[in-house]
Amino acid sequence: MDIEVLRREGNAIRLLVRGVKLHVLNSIRRAILAEVPTMAVDYVVFMENSSVFYDEYIAHRLGLIPLTSENALGKYKPPEECREAGEKGVFSEDCFVKLELSGEGTPGGVKTLYAGDLVTGDPDVRPVYEKIPIVQLLENQRIKLEAYARLGRGREHIKWSPASVASHKYIAKINIDREKCRYPGCKKCVEICPKQVIVEKDGTVEVEEARLMDCSLCRLCETVCPSEAINVSYKEDEYILYFESTGSLTPKRILIEATRALEDKLNELKKSLVEGVPYGAS
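Here the sequence shown is numbered in this note's numbering, starting from 1 and rising by one per residue.
Careful: at least some of the hints might be erroneous.
[Stated by the list, open to error] Cut-off 30 Å, straight-line C-alpha distance, at most; resulting in silico cross-link-like pairs (DSBU-like, lysine-lysine):
| no. | residue 1 | residue 2 |
| --- | --- | --- |
| 1 | K131 | K111 |
| 2 | K75 | K271 |
| 3 | K88 | K98 |
| 4 | K195 | K235 |
| 5 | K169 | K188 |
| 6 | K235 | K187 |
Just so you know, the hints here were simulated from the structure itself, not pulled from any lab data.
Full structure from sequences and hints, please.
As structure tokens, this is what we get:
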């Protein structure tokens with residue numbers, strides 16, 4: 001497998017992946033969304049809440065606030081060891097991080113509490129975006145709570161998914177039969193291509209290789225060609241992988257953790273087969 005970075009903008013990354021089958025790449029894409037652990041608020045204890053929002057509403061908002069998790073992966077116990085402890089109300093320091101929030105409305109105005117107002121017990125686990133609004137308080141309204149965050153995976157709840165989107169895309173393979181092509185009498189393929197992948201160049205119709213990855217495989221060029229000179233298909237061992245981090249982990253770390261999770265699953269399957277299936281069994 002060969003991976004090339006095509007574009008990196010903020011938390012988003014676009015990769016060209018060669019030498020891989022689609023089902024393998026799709027497994028990596030699914031692992032990015034569901035198998036990479038991150039920190040997120042899982043339990044909230046309210047001491048006071050006289051705002052217009054129910055406790056459950058605020059707790060839901062807190063859970064969906066992305067938390068920095070780059071250093072938390074090696075610091076806190078994995079989700080499997082902490083899930084039951086939280087259900088029993090035991091918030092140990094090796095599993096959970098406590099974040100506190102308190103505030104009171106101002107006379108004659110509205111006070112908005114943001115994610116940045118959360119006071120964290122661990123500087124390595126804090127809101128990625130400080131300006132996410134949590135609740136607004138009017139005069140004489142108060143709120144005081146303790147939120148407990150732990151490691152989890154997207155397959156358990158979307159709040160633990162490190163990526164907001166993950167997708168893969170086919171790369172087009174366009175062939176033009178020069179014997180059938182009626183250019184310059186016909187330019188329909190050039191005129192209809194929405195991505196300008198097929199262009200006029202040097203007195204003929206050419207596929208613009210630099211724009212080939214932009215092709216959406218709409219096949220409009222193939223449809224309008226009266227002489228059926230164009231054939232559009234896709235490469236079977238070369239794809240584009242795109243995903244955007246929520247900010248909890250870097251794109252590079254997400255990809256590493258996703259492939260590691262797949263490797264662990266395969267090793268677990270291999271171990272089960274070796275230990276569970278007698279030698280010579282069919």
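Hints, one by one, checked against the model:
At roughly 13 Å between alpha-carbon atoms, K131 and K111 fall within 30 Å of each other, so this suggested pair holds. A hinted pair counts as satisfied when its Cα atoms are at most 30 Å apart, and K75 with K271 qualifies at roughly 27 Å. Of the supplied pair hints, the one linking K88 and K98 holds, its CA atoms being roughly 16 Å apart against a limit of 30 Å. About 18 Å separates the Cα atoms of K195 and K235, which keeps this hinted pair within 30 Å; it holds.
A distance of roughly 26 Å separates the Cα atoms of K169 and K188; the hinted pair therefore holds under the 30 Å criterion. Between K235 and K187, the direct Cα distance comes to roughly 26 Å. Compliance with the 30 Å bound is thereby established for this hinted pair.
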